[in-house]
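There are 2 protein chains.
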Amino acid sequence: MKLLIRIAYLGTAYCGYQVQPNGVSIQQMLNRATEQLFGYPCDIVGCSRTDSGVHANSFCATVAQRGTDALVTEIPVERVPQALSAHLPPDICVYDAQWVPANFHARYDVIEKEYLYRIYNRRVMSPFEVNRAWYLPKELNEADVERMRSAAKQFLGTQDFTSYMAQGSKIVDPVRTVTRSELTKEGDLILYRIAADGFLYHMVRIIVGTLVEVALGRLDPSEIPEITKSRNRERAGLTAPACGLYLNRVFYSSQKINRQSFDKPSIP
Amino acid sequence: MKLLIRIAYLGTAYCGYQVQPNGVSIQQMLNRATEQLFGYPCDIVGCSRTDSGVHANSFCATVAQRGTDALVTEIPVERVPQALSAHLPPDICVYDAQWVPANFHARYDVIEKEYLYRIYNRRVMSPFEVNRAWYLPKELNEADVERMRSAAKQFLGTQDFTSYMAQGSKIVDPVRTVTRSELTKEGDLILYRIAADGFLYHMVRIIVGTLVEVALGRLDPSEIPEITKSRNRERAGLTAPACGLYLNRVFYSSQKINRQSFDKPSIP
Numbered sequence: 104m105k106l107l108i109r110i111a112y113l114g115t116a117y118c119g120y121q122v123q124p125n126g127v128s129i130q131q132m133l134n135r136a137t138e139q140l141f142g143y144p145c146d147i148v149g150c151s152r153t154d155s156g157v158h159a160n161s162f163c164a165t166v167a168q169r170g171t172d173a174l175v176t177e178i179p180v181e182r183v184p185q186a187l188s189a190h191l192p193p194d195i196c197v198y199d200a201q202w203v204p205a206n207f208h209a210r211y212d213v214i215e216k217e218y219l220y221r222i223y224n225r226r227v228m229s230p231f232e233v234n235r236a237w238y239l240p241k242e243l244n245e246a247d248v249e250r251m252r253s254a255a256k257q258f259l260g261t262q263d264f265t266s267y268m269a270q271g272s273k274i275v276d277p278v279r280t281v282t283r284s285e286l287t288k289e290g291d292l293i294l295y296r297i298a299a300d301g302f303l304y305h306m307v308r309i310i311v312g313t314l315v316e317v318a319l320g321r322l323d324p325s326e327i328p329e330i331t332k333s334r335n336r337e338r339a340g341l342t343a344p345a346c347g348l349y350l351n352r353v354f355y356s357s358q359k360i361n362r363q364s365f366d367k368p369s370i371p
Numbered sequence: 104m105k106l107l108i109r110i111a112y113l114g115t116a117y118c119g120y121q122v123q124p125n126g127v128s129i130q131q132m133l134n135r136a137t138e139q140l141f142g143y144p145c146d147i148v149g150c151s152r153t154d155s156g157v158h159a160n161s162f163c164a165t166v167a168q169r170g171t172d173a174l175v176t177e178i179p180v181e182r183v184p185q186a187l188s189a190h191l192p193p194d195i196c197v198y199d200a201q202w203v204p205a206n207f208h209a210r211y212d213v214i215e216k217e218y219l220y221r222i223y224n225r226r227v228m229s230p231f232e233v234n235r236a237w238y239l240p241k242e243l244n245e246a247d248v249e250r251m252r253s254a255a256k257q258f259l260g261t262q263d264f265t266s267y268m269a270q271g272s273k274i275v276d277p278v279r280t281v282t283r284s285e286l287t288k289e290g291d292l293i294l295y296r297i298a299a300d301g302f303l304y305h306m307v308r309i310i311v312g313t314l315v316e317v318a319l320g321r322l323d324p325s326e327i328p329e330i331t332k333s334r335n336r337e338r339a340g341l342t343a344p345a346c347g348l349y350l351n352r353v354f355y356s357s358q359k360i361n362r363q364s365f366d367k368p369s370i371p
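For the record, the sequence lines run as chains H and F.
The numbering of the first sequence is my numbering, which starts it at 104 and goes up by one.
The numbering of the second sequence is my numbering, which starts it at 104 and goes up by one.
Calculated from the structure, these hints are not laboratory results.
Please note that the accuracy of each hint is not assured.
Computed from the model, here is a short list of chain H residues facing chain F with C-beta under 8 Å [unchecked claim]: (1) Gln185; (2) Pro193; (3) Asp194; (4) Tyr198; (5) Phe231; (6) Val275; (7) Val278; (8) Ile370.
Footprint (simulated), chain F over chain H, 3 or more residues, beta carbon under 8 Å [as the list claims (entries may be wrong)]: (9) 106–113; (10) 208–218.
Backbone N, C-alpha and C fix where the C-beta goes; we use that ideal spot for every residue, glycine too.
Next up, chain H with everything else stripped away, as it sits in the complex (with noise of 0.2 Å):
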């Protein structure tokens, strides 16, 4: 059995989910926190790659000893999350952990993932979203937000997200299958929420994007459709900044996982 554990992180102050040769990443913290917690050197396979600064609300990462399929600890695994987490900086923490089957894959196993982008909308800055939310100054009215949630919908269902990729991605098939693409507004920020089965590079962030385009009256949500048949990443809005990207929930199948204890609430 392997240990499958759920966390939460400001990215800010780190290079990205993955070990990088320059800058500190969230996995060189959970290879250190596992190695202190269990006695020796551990595999994390963490369910995605986040880029530098991109927050997470429940990210999955599996732990089993280097080089196996097997994690061995007499700790207790609802013991695991507060253990972990006390070997880990103030900006991850491991609040949920159980065991999945020794063939479970943290990244091959995902069946849907979910991402949060949060924009704080009035003239200055609250002191509270600096690095968690993109700061758009521009105040925008009901109408405009009514054609950002129009913009939204056009991205739902099977289709090809070419203009919607960081250009250079190697990425062969750029078909992805959305299935949540919703905008709401809760006082000074918009929040949208993305689900689909995969994810092309910085594909929320340039979704994003063209939706402030479209807020700020430069696209009109009937001009979608084209942008993303033309496969033209240039006809797409700019690539949203990192800082208001969360990688909110994640899906496996219940075969392979409980989902019960999945369900429990991620943070925040």
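Put chain F on the given structure of chain H with help from the hints.
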């Protein structure tokens, strides 16, 4: 006419509102920003003195040219928030500004203040709440929260709050009138709001420390009136940490300020 500004800040990096010999204060940042924007040194009078690490969603301060009761500027008042914020670090912002009479006093004319205290109650601390809430790892159940709520009500009304005042304070009259003392639970957060005509030194933090004693079963809500009557600081709970405290709202008489513009929502 003076300028009344409303500011929000994340107090983590500051030694408090007021200028101190050691450490950087919010007031010092405001002194610098106003001098840079208006072109001459200003007197800044704040509504309150917040401690090191305490935050504000809505702190009020007046700005006048040093040694005078007036501010002379050609900058339209509606542009002041963005213009001043541009001269402030990202953890402080000015989000509202209005003209007030020369005899207006930011501290003496306060008729009521409201504080918010945030407690994060989960076995592991959220990376998003570090320095922004008090971490209480023992998970409270509904009955515990109900007892806190019942205890919170005991602080309402006009009472002598000596038991909830930091020892060594120089306040002569320890009687205050509490008009709101409410506790709510939102997900993993316990939010406590208290409004009064004034507060003794550390009063909110000691009341919160006492409410947490009730939550943990070390005190019963029915003991609160006795503790209050004892006028003995040692009978109340510990002083809750500064990081969970927010100055949330400040009320002035409608005769002195333009209430309508003042009712603009605070941050966040």
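Hints, verified against the model:
The restraint placing Gln185/H at the interface with chain F holds, with a minimum CB-CB distance near 6 Å, inside the 8 Å limit. At its closest, the beta carbon of Pro193/H sits 4 Å from a beta carbon of chain F; the interface hint therefore holds under the 8 Å criterion. Interface restraint check: Asp194/H against chain F, minimum CB-CB distance 5 Å, threshold 8 Å, status holds. For Tyr198/H, the shortest C-beta to C-beta distance to chain F is roughly 5 Å, which falls under 8 Å, so the interface hint holds.
At about 5 Å, the closest approach between the beta carbon of Phe231/H and any beta carbon in chain F falls short of 8 Å, and the interface hint on this residue holds. For Val275/H, the shortest C-beta to C-beta distance to chain F is roughly 35 Å, which exceeds 8 Å, and the interface hint is violated. The criterion of a C-beta within 8 Å of any C-beta in chain F is not met by Val278/H, whose closest approach is roughly 34 Å, and the hint is violated. Against a cut-off of 8 Å between C-beta atoms, the interface hint on Ile370/H holds, since the closest Cβ of chain F lies about 5 Å away.
Three residues within the 8 Å Cβ limit are the bar, and the region 106–113 of chain H against chain F gives 3, so the coverage statement holds. Counting residues of the region 208–218 of chain H whose beta-carbon sits less than 8 Å from any beta-carbon of chain F gives 0, not enough to reach three: the coverage restraint is violated.
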